[in-house]
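Using the sequences plus the hints, can you model the full thing?
Heads up: the sequence lines are chains A and B, in that order.
Numbering follows our numbering, in which position 32 of the first sequence is assigned residue number 42; successive positions increment by one, without gaps.
Numbering follows our numbering, in which position 27 of the second sequence is assigned residue number 364; successive positions increment by one, without gaps.
Please keep in mind that the hints were generated in silico from the structure rather than gathered at the bench.
Even glycine gets a Cβ: it sits at the ideal position worked out from N, Cα and C.
Among the hints, a few may not be true.
Unchecked claim - If you want the ones that stay clear, here's a sample from chain A, every Cβ over 10 Å from chain B, calculated:
1. Gly14
2. Gln23
3. Gln28
4. Val44
5. Pro45
6. Leu51
7. Ser67
8. Ala92
As the list claims (entries may be wrong) - Derived PhoX-like pairs (lysine-lysine); straight-line CA-CA distance at most 20 Å:
9. Lys771(B) to Lys467(B)
10. Lys467(B) to Lys33(A)
11. Lys33(A) to Lys747(B)
Listed here are the chains, written in short residue letters.
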Amino acid sequence: MTMGHEELITRIQLILNQILDAKGVPRVELSEDVPVLDGTLPIDSLDLAQIVIELQSATGKDPFRDGFIQFRTVGELARLFAA
Amino acid sequence: MKSLRTALEARGDAAVVLREEGPASGVEILARTRRFEDALVSHGASRLLSLDEDPATLLALLVLAEQRPAGLILGRASIGAEQLPDSLEPQLVVHSPDRIAARALSAPACGEVSRAGIFLLTSGTTGPPKVVHQTLEALTARMQAESLARNRGGIWLLTYETHSFAGLQVVLSAALSEGVLVVGQGRTPAELARLARKYGVTHLSGTPTFWRSLLLALDTGGLPALRQITLGGEAADQATLDRLQRTFPQARVTHIYASTEAGALFSVSDGRAGFPAAWLEQELPGGVRLRIRDGMLEVQAPSRMRGYAGGEPAPWTEDGWLRTGDLVQIEADRVLFRGRHDQVVNVAGLKVFPDEVAAYLLAHPLVGEARVYAIPNPLTGAVLGAEVVPAAGAPPPEVLEKELLVWCLKGLPPHKVPRRFQIVERVAVSSSWKKTGPQ
Numbered sequence: 011m012t013m014g015h016e017e018l019i020t021r022i023q024l025i026l027n028q029i030l031d032a033k034g035v036p037r038v039e040l041s042e043d044v045p046v047l048d049g050t051l052p053i054d055s056l057d058l059a060q061i062v063i064e065l066q067s068a069t070g071k072d073p074f075r076d077g078f079i080q081f082r083t084v085g086e087l088a089r090l091f092a093a
Numbered sequence: 338m339k340s341l342r343t344a345l346e347a348r349g350d351a352a353v354v355l356r357e358e359g360p361a362s363g364v365e366i367l368a369r370t371r372r373f374e375d376a377l378v379s380h381g382a383s384r385l386l387s388l389d390e391d392p393a394t395l396l397a398l399l400v401l402a403e404q405r406p407a408g409l410i411l412g413r414a415s416i417g418a419e420q421l422p423d424s425l426e427p428q429l430v431v432h433s434p435d436r437i438a439a440r441a442l443s444a445p446a447c448g449e450v451s452r453a454g455i456f457l458l459t460s461g462t463t464g465p466p467k468v469v470h471q472t473l474e475a476l477t478a479r480m481q482a483e484s485l486a487r488n489r490g491g492i493w494l495l496t497y498e499t500h501s502f503a504g505l506q507v508v509l510s511a512a513l514s515e516g517v518l519v520v521g522q523g524r525t526p527a528e529l530a531r532l533a534r535k536y537g538v539t540h541l542s543g544t545p546t547f548w549r550s551l552l553l554a555l556d557t558g559g560l561p562a563l564r565q566i567t568l569g570g571e572a573a574d575q576a577t578l579d580r581l582q583r584t585f586p587q588a589r590v591t592h593i594y595a596s597t598e599a600g601a602l603f604s605v606s607d608g609r610a611g612f613p614a615a616w617l618e619q620e621l622p623g624g625v626r627l628r629i630r631d632g633m634l635e636v637q638a639p640s641r642m643r644g645y646a647g648g649e650p651a652p653w654t655e656d657g658w659l660r661t662g663d664l665v666q667i668e669a670d671r672v673l674f675r676g677r678h679d680q681v682v683n684v685a686g687l688k689v690f691p692d693e694v695a696a697y698l699l700a701h702p703l704v705g706e707a708r709v710y711a712i713p714n715p716l717t718g719a720v721l722g723a724e725v726v727p728a729a730g731a732p733p734p735e736v737l738e739k740e741l742l743v744w745c746l747k748g749l750p751p752h753k754v755p756r757r758f759q760i761v762e763r764v765a766v767s768s769s770w771k772k773t774g775p776q
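So this is what it looks like as structure tokens:
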């Protein structure tokens with residue numbers, strides 16, 4: 011399923027909230043420029059992996075099929091899964 | 338040790354095997370033995386492949402192996418005759434008691450297979466099937482007078498393939514304790530539960546995966562009156578042991594540790610998973626000794642196989658111990674099974690055993706079955722995923738998924754937490770009732 015950029019950001023927000031709820035951690039507001047793994051967000055690489063896996067099954071895309079691609083912010087992550 | 342022939346003679350005209358097509362008595366089985374013996378003698382043969390998985394035929398052939406040196410190769414429909422190594426070179430093939438075919442040999446028999454013994458196929462978890470050379474003495478080594486007396490007159494239900502190691506154990510136990518063996522066509526838990534009720538089955542042996550399926554199927558239709566519950570083939574987890582004892586309070590619940598290669602090594606009936614750590618320091622009944630090397634359980638047992646037929650190297654250590662492939666750890670007074678050595682998953686640089694996480698999930702009251710596997714990903718190498726069959730009373734899938742994620746985050750370190758849950762009706766199960774599917 012193809013998703014637009016905004017839709018992907020919303021989806022990432024949704025998945026993140028589910029993870030934070032399950033951990034019993036307060037939700038955070040995401041935006042385009044928030045770095046994913048520098049400590050700004052209360053998540054670790056395993057949580058990020060969970061977000062990536064859910065984006066893969068939601069979009070049917072696997073941007074890392076041919077190897078890892080660097081991404082730093084929520085926006086960059088979303089663009090990897092965009093149409 | 339009582340002979341199989343004596344036990345079958347004691348049954349006389351009474352049923353030993355109950356099948357859809359009718360019972361087979363002790364007398365009938367011994368008549369089959371004579372037929373097979375005549376065929377061997379008239380062909381001057383000593384090696385025989387049986388493709389007839391009727392337990393009555395198996396028992397007849399085992400009596401034959403008991404009374405004369407013969408090589409008995411047990412084929413399995415689930416493995417396929419075309420996968421048998423050429424080196425086995427059977428001279429006769431038993432399709433049924435009425436259809437015994439002679440086979441011309443291209444070359445004289447040589448090596449391992451020319452010897453007498455029982456040759457069992459093991460599908461293993463990976464690779465082509467192996468042929469394990471066992472002996473009847475080793476296969477019955479743990480069937481001591483005491484346990485035969487306790488189980489005397491039991492009604493057993495066969496859940497395993499007849500020609501698997503575990504199947505042989507059940508068939509031999511039932512016959513030697515002068516019991517009755519019930520065999521059904523279907524292998525679904527619901528069908529087996531129906532047979533168990535219909536025939537008043539008292540003795541039932543299966544893998545933990547089988548037992549969980551049975552518990553899920555028993556929600557309708559009432560309980561069979563089981564006296565002996567046996568788990569084998571996979572590590573028994575505490576939650577499954579507890580559920581069985583709660584469901585069948587009058588039954589003795591035993592989990593056994595055995596493999597086609599090692600034979601039956603020990604059984605545990607104290608209701609707890611794993612086995613007492615004190616057993617590492619002492620010799621167990623049957624001359625079994627246990628030790629842990631590099632986290633793996635190693636065993637020494639007189640009942641171990643002679644070797645693999647077909648030249649495959651046997652998994653012995655230099656000092657003669659068998660490496661089981663089972664990784665264990667000592668917790669207080671107990672040795673607990675963590676998982677198979679070839680099923681370790683690396684998550685963010687840390688080792689995880691999917692079975693250990695499955696056992697944790699099974700401890701949740703709304704989980705009837707769980708299968709845990711690895712999902713590769715570029716950030717952490719892999720994370721775990723879990724398929725879960727809900728138990729009775731479970732909420733809708735999306736609610737249960739959330740609940741289970743919270744349950745795992747609460748009780749497991751982050752790298753062991755499954756990052757994807759799928760609520761399913763059943764998990765993939767092999768023909769030997771073990772959980773299968775991609776790792």
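Hint check results:
1. Gly14: 24 Å, holds
2. Gln23: 17 Å, holds
3. Gln28: 7 Å, violated
4. Val44: 17 Å, holds
5. Pro45: At about 15 Å from chain B, Pro45(A) clears the 10 Å cut-off, so the statement holds.
6. Leu51: 14 Å, holds
7. Ser67: Nearest chain B Cβ is 8 Å from Ser67(A), so the label is violated.
8. Ala92: 18 Å, holds
9. Lys771(B) to Lys467(B): 18 Å, holds
10. Lys467(B) to Lys33(A): 47 Å, violated
11. Lys33(A) to Lys747(B): Judged against 20 Å, a Cα distance of about 8 Å means the pair holds.
Checked against the numbered hints above, the structure violates hints 3, 7, 10; every other hint is satisfied.
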